[in-house]
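With chain A's structure known, arrange chain B on it following the hints.
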Amino acid sequence: MLADAAPIQLLAPDGSLVRNAANEEFLPRIEALDDAALQRFHREMVVIRRFDIEAGNLQRQGQLALWIPSLGQEGAQVGAGLAARPQDHIFPAYREHVVAKIRGVDPMRLIEMLRGLSHGGWDPKEHNNLHLYTLVIGSQSLHATGYAMGVALDGASGTGDPEKDEAVLVFFGDGATSQGDVSEAFVFASSYQTPQVLFLQNNHWAISVPVERQSRTPLYLRSQGFGIPSWQIDGNDVLASYAVTSTALDAARSGQGPRFIEALTYRMGAHTTSDDPTKYRQNDELAYWGERDPISRYEAFLRARGASEEFFADVAREAEDLAADVRRKTLELVDPPTSKIFEHVYSEPHPVIEQQRAWLDAYERSFEGTEG
Amino acid sequence: MTDIHTDAATSTPDAGTTPPAVTAAEPTVQKLTLSKAINSGLRQAMLDDPKVLMMGEDIGPLGGVFRVTEHLHAEFGDKRVLDTPLAESGIIGSAIGLAMRGFRPVVEIQFDGFIFPGFDQITTQLAKQTYRHEGSQSFPVVIRVPYGGHIGAVEHHQESPEAYFAHTAGLRLVSPATPHDAYWMIQEAIRSNDPVLFLEPKSRYWQRGEVQLDAGTAVPMHRSRVVRTGTEVTLIGHGAMVATLLQAAEIAAEEGTSVEVIDLRSISPIDYVPIIESVQKTGRVVVAQEAPQNVSVGSEIAATIAERAFYSLEAPVLRVSGFDTPFPPAKLEGSYLPDADRVLEAVDRALAY
Numbered sequence: 001m002l003a004d005a006a007p008i009q010l011l012a013p014d015g016s017l018v019r020n021a022a023n024e025e026f027l028p029r030i031e032a033l034d035d036a037a038l039q040r041f042h043r044e045m046v047v048i049r050r051f052d053i054e055a056g057n058l059q060r061q062g063q064l065a066l067w068i069p070s071l072g073q074e075g076a077q078v079g080a081g082l083a084a085r086p087q088d089h090i091f092p093a094y095r096e097h098v099v100a101k102i103r104g105v106d107p108m109r110l111i112e113m114l115r116g117l118s119h120g121g122w123d124p125k126e127h128n129n130l131h132l133y134t135l136v137i138g139s140q141s142l143h144a145t146g147y148a149m150g151v152a153l154d155g156a157s158g159t160g161d162p163e164k165d166e167a168v169l170v171f172f173g174d175g176a177t178s179q180g181d182v183s184e185a186f187v188f189a190s191s192y193q194t195p196q197v198l199f200l201q202n203n204h205w206a207i208s209v210p211v212e213r214q215s216r217t218p219l220y221l222r223s224q225g226f227g228i229p230s231w232q233i234d235g236n237d238v239l240a241s242y243a244v245t246s247t248a249l250d251a252a253r254s255g256q257g258p259r260f261i262e263a264l265t266y267r268m269g270a271h272t273t274s275d276d277p278t279k280y281r282q283n284d285e286l287a288y289w290g291e292r293d294p295i296s297r298y299e300a301f302l303r304a305r306g307a308s309e310e311f312f313a314d315v316a317r318e319a320e321d322l323a324a325d326v327r328r329k330t331l332e333l334v335d336p337p338t339s340k341i342f343e344h345v346y347s348e349p350h351p352v353i354e355q356q357r358a359w360l361d362a363y364e365r366s367f368e369g370t371e372g
Numbered sequence: 373m374t375d376i377h378t379d380a381a382t383s384t385p386d387a388g389t390t391p392p393a394v395t396a397a398e399p400t401v402q403k404l405t406l407s408k409a410i411n412s413g414l415r416q417a418m419l420d421d422p423k424v425l426m427m428g429e430d431i432g433p434l435g436g437v438f439r440v441t442e443h444l445h446a447e448f449g450d451k452r453v454l455d456t457p458l459a460e461s462g463i464i465g466s467a468i469g470l471a472m473r474g475f476r477p478v479v480e481i482q483f484d485g486f487i488f489p490g491f492d493q494i495t496t497q498l499a500k501q502t503y504r505h506e507g508s509q510s511f512p513v514v515i516r517v518p519y520g521g522h523i524g525a526v527e528h529h530q531e532s533p534e535a536y537f538a539h540t541a542g543l544r545l546v547s548p549a550t551p552h553d554a555y556w557m558i559q560e561a562i563r564s565n566d567p568v569l570f571l572e573p574k575s576r577y578w579q580r581g582e583v584q585l586d587a588g589t590a591v592p593m594h595r596s597r598v599v600r601t602g603t604e605v606t607l608i609g610h611g612a613m614v615a616t617l618l619q620a621a622e623i624a625a626e627e628g629t630s631v632e633v634i635d636l637r638s639i640s641p642i643d644y645v646p647i648i649e650s651v652q653k654t655g656r657v658v659v660a661q662e663a664p665q666n667v668s669v670g671s672e673i674a675a676t677i678a679e680r681a682f683y684s685l686e687a688p689v690l691r692v693s694g695f696d697t698p699f700p701p702a703k704l705e706g707s708y709l710p711d712a713d714r715v716l717e718a719v720d721r722a723l724a725y
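Sequence lines, in order, name chains A and B.
The numbering used here numbers the first residue of the first sequence as 1 and each following residue consecutively.
The numbering used here numbers the first residue of the second sequence as 373 and each following residue consecutively.
Looking at chain B on its own, in the form it has when it is part of the complex:
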């Protein structure tokens, strides 16, 4: 039972189950899964600032349904890692109050499709509080959301709801594609004085990658990056889609087409500098996303490229998206979610102009 009151018996960390520390004195490169990289970033943020606390469903002794908060309860105790009642609006709403009090809550929403009971508190309250307060208070709340498909799960467990939140002023949205980015971006999100939705590409949770722990390797969460350079077509995506785009680029290269790949990292705001530079070079763009297409992040990017780089374009900006249907039963997700072949089909169309 969680007790947030002063009580040594329940709040003393259990040192026996504390995992080995990731500190600057340790080797500065580790091979971690994306989920472990986020876990390490969360832990570092908790060590750096005693006002950082975790809250969410099943995040305590269980470590979350994806184990992203594993060991944190044992190390930091009931007063830093709060298993909450099963109520998303309650979680977000009370996180707002905790932020008013001076805490920096990091909230876990268990699955993408379960964020909507908290949608009202996120959009009408959290997003607008700084504005309403005319800056006298800031609201450093991070909402971690495992999102996206490819895991064969049941309804409501594979969605990509980012457009709803990108449409809302006052929120920041970021999504890491690699363990290294995840480790640093979660820490920057927690340090931000604004509310941040931290979208975790859950199909990538188990993918390993090198994580550099030197502070000098920190990546800025709002800067998009060119992950692969090319000259003929620019592919743009975020989260799990970045791996699909790299796969498509590899196949395209074998077929003799030079493709550039950009990882957005940040969904709101979008960093257009590398995007426009790339468009000026390639003249052709495909934006890919798991989310449905209508009024989506990809649509916004396409419109902005048309406004800012019209004379560089050799073809209309093409979108490759999930369909404008509900997320289908899992056995159909392979045909719903864009894969490398669907991206390459769009590359061919772009090149045909």
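Looking at chain A on its own, in the form it has when it is part of the complex:
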């Protein structure tokens, strides 16, 4: 385990608010939130956890080729996802299901992708600037940086109007920090002073390899060598994630350049359903992080503030409804036509694609009228 100093924390594991010198600049962002806003954090975390479990079950029942669980990382993701403003642009890695949902991506799009019906395929412009998942580790860090360069070139940041200034938020994990692309993203972001927040979820495991193999120093320090200010936060504290990310995004939007956040969290489940964590990690680690669960601590916080039983029952009902809905819709999914193979390989007509599409079509037609 790395010697983490003291990550920024607003909510202790027992659900009590923490007040100290390190977090005092962030507390006003929480104090400014009304009950409805605070309850939204809980609703998003609980609903996505139920969805995540359902999707994992569907994979085990043969309905999905793969599932990528987000269990345990809901606090980091919901806080950062809700910190982004509507005009911001978000580049996920591939585990940020709740961020996609917050930005209006139908969870079924994620199900379809992991069933093998698409490679994503949603239009970011029609989904509140939530870009597609990227599976090559860390690649999206450069796309986000280029996008943020474009925001700056357009003069769409740094005007002083927080309602209009745009920023870019990009997610990646601890494994990605070893990729050259992430370091190059730091270089470009710093060089061009892009309006951008790089958000690292350090979930402590890159499939079976512990974070100690990726770095011998705390990862939040990584960006400082590139000239990018950074914070390390308790990633299982949804309020810390929200408050620090919104602070970082404000800085980026207002033209102060990029920011880097390392959220310390834990992947409670497997890397994907293809993985078996019992082969490489110990139960005591799981128990340690289980006591720091983002949802139970936040529920304690809300209960102490007087949230009603009715509220919690309503959230549970919404979660069950979504799970049932996803299960029903998954079982109704049909495979796309084979013509989809050839669609959108290029934006403009291409003779090889047309020829091969015509060949497959004729080949398939040659079986019409024959048995089986």
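In case anyone wonders, no lab produced these hints; they're calculated from the structure.
Check before you lean on any hint, since a few could be wrong.
Unchecked claim - Away from chain A, derived, C-beta distances all over 10 Å, residues of chain B: (1) Val401; (2) His443; (3) Gln652.
What the hints assert, rightly or not - Pairs of lysine-lysine, BS3-like flavour, derived with a Cα cap of 25 Å: (4) B/Lys500 to A/Lys125; (5) A/Lys164 to B/Lys423; (6) B/Lys500 to A/Lys340; (7) B/Lys423 to A/Lys125.
To be verified - Derived DEER-like restraints, expressed as beta-carbon distance ranges: (8) B/Ala541 to A/Ser215: 33 to 43 Å; (9) B/Asn565 to A/Asp335: 27 to 37 Å; (10) B/Gly706 to A/Gln355: 33 to 43 Å; (11) A/Lys279 to B/Phe488: 27 to 37 Å; (12) B/Ala541 to A/Glu368: 22 to 32 Å; (13) A/Asp335 to B/Thr603: 51 to 61 Å; (14) B/Arg595 to A/Glu126: 32 to 42 Å; (15) B/Pro688 to A/Tyr363: 21 to 31 Å.
Computed from a prediction, not measured in an experiment: that's the story for all the values here.
C-beta atoms are modelled at their ideal positions from N, C-alpha and C, and glycine is treated no differently.
Frame of chain A, contents of chain B only:
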């Protein structure tokens, strides 16, 4: 220092160093080197569309190591001509993001052998983005690559990596052989909504040729062309090889053999119409390339001709290529790269069937 943010002090073009404009009002034929023709085409594309921007290593005040972007920084400023950090993956990856934002980045890779740090972003990201997005976004990124040998340079500076990219769906690859083609093809590549690798035959950068500037003389970048007509053997090549093939054809003519020469222009997709027509006439084909032979563009052309024009062939399609070795030290490149004599040796073999 490059500043891409709104800042009049750094983004105002320096009018004092702006070269004379090449416009329709000027004489419509100019004698330009291939590098200057590309430069003029880039400039025209930047004038035509404010979303076009240049990015790459040393392309700003220096104008690139081959001076292909010369004067563009002075004319268009920091926000249109971006000197980038020295990181090819970073350049390609950020160009993808800029394209998502609505820009049309034209990237310069300094030398052929330096494209590989960006190979992952080109093949796993840029090439597949339109497919992944199911067409909701297009990715009009041009990657300019000076390629090929004959300049006596050190390792990694003389390679012909086109086969790697021709194998990748989602990319288009073109290579001009003349200044006129270069002027028009670079503009079409920039207008394309698909990613285009624009392969510049660097040994031809300093060769002059007439460039017609009338829009009516624009050449389609994906159409191959017959550069010399003949009846007995068809020679096929692209980029710098076209000049070698013409030289071989000249020698063959002196020896009494009539040779047809086809300039591919487009490496992906390949325009087979003039090729098949020519094969039906000559029955004999030699494909020549600087690149190594194994799994090469020439191999693909040979296979396709065999499939589509089998009964027209009088001889197997022969390939003349670089050897399946690393590019050798420069003093040996004359023996590595196919020259007119090696092409003619293959012509003789084809005729012997």
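Hint check:
The beta carbon of B/Val401 is kept farther than 10 Å from every beta carbon of chain A, the shortest such distance being approximately 30 Å. Separation of B/His443 from chain A is adequate, the least Cβ-Cβ distance of about 21 Å exceeding the 10 Å criterion. Residue-level check passed: B/Gln652 sits 19 Å from the nearest beta carbon of chain A, beyond 10 Å. With a C-alpha separation of about 18 Å, the suggested pairing of B/Lys500 with A/Lys125 holds against the 25 Å cut-off.
Taking the CA atoms of A/Lys164 and B/Lys423, the gap is about 21 Å. The hint holds against a cut of 25 Å. Using a Cα cut-off of 25 Å, the hinted pair B/Lys500 and A/Lys340 holds, with the two alpha carbons roughly 14 Å apart. Among the hinted pairs, B/Lys423 with A/Lys125 is consistent with the structure: their alpha-carbon atoms are about 19 Å apart, no more than 25 Å. In this structure, B/Ala541 and A/Ser215 meet the distance hint of 33 to 43 Å, their C-beta atoms being roughly 36 Å apart.
Checked against the hint of 27 to 37 Å, the C-beta distance between B/Asn565 and A/Asp335 comes to roughly 29 Å, which is consistent with it. Checking the proposed 33 to 43 Å range against B/Gly706 and A/Gln355 shows it holds: the Cβ atoms sit about 40 Å from each other. For the pair A/Lys279 and B/Phe488, the beta carbons lie near 35 Å from each other, so the given range of 27 to 37 Å is met. Take B/Ala541 and A/Glu368: their Cβ atoms lie about 28 Å apart, and the range 22 to 32 Å holds.
At roughly 53 Å, the beta-carbon separation of A/Asp335 and B/Thr603 lies within the given 51 to 61 Å, and the hint holds. Taking 32 to 42 Å as the suggested C-beta distance range, the pair B/Arg595 and A/Glu126 conforms, at roughly 37 Å. A hinted range of 21 to 31 Å holds for the C-beta pair B/Pro688 and A/Tyr363, which are about 29 Å apart.
Comparing the model with each earlier hint shows no violations; every hint is respected.
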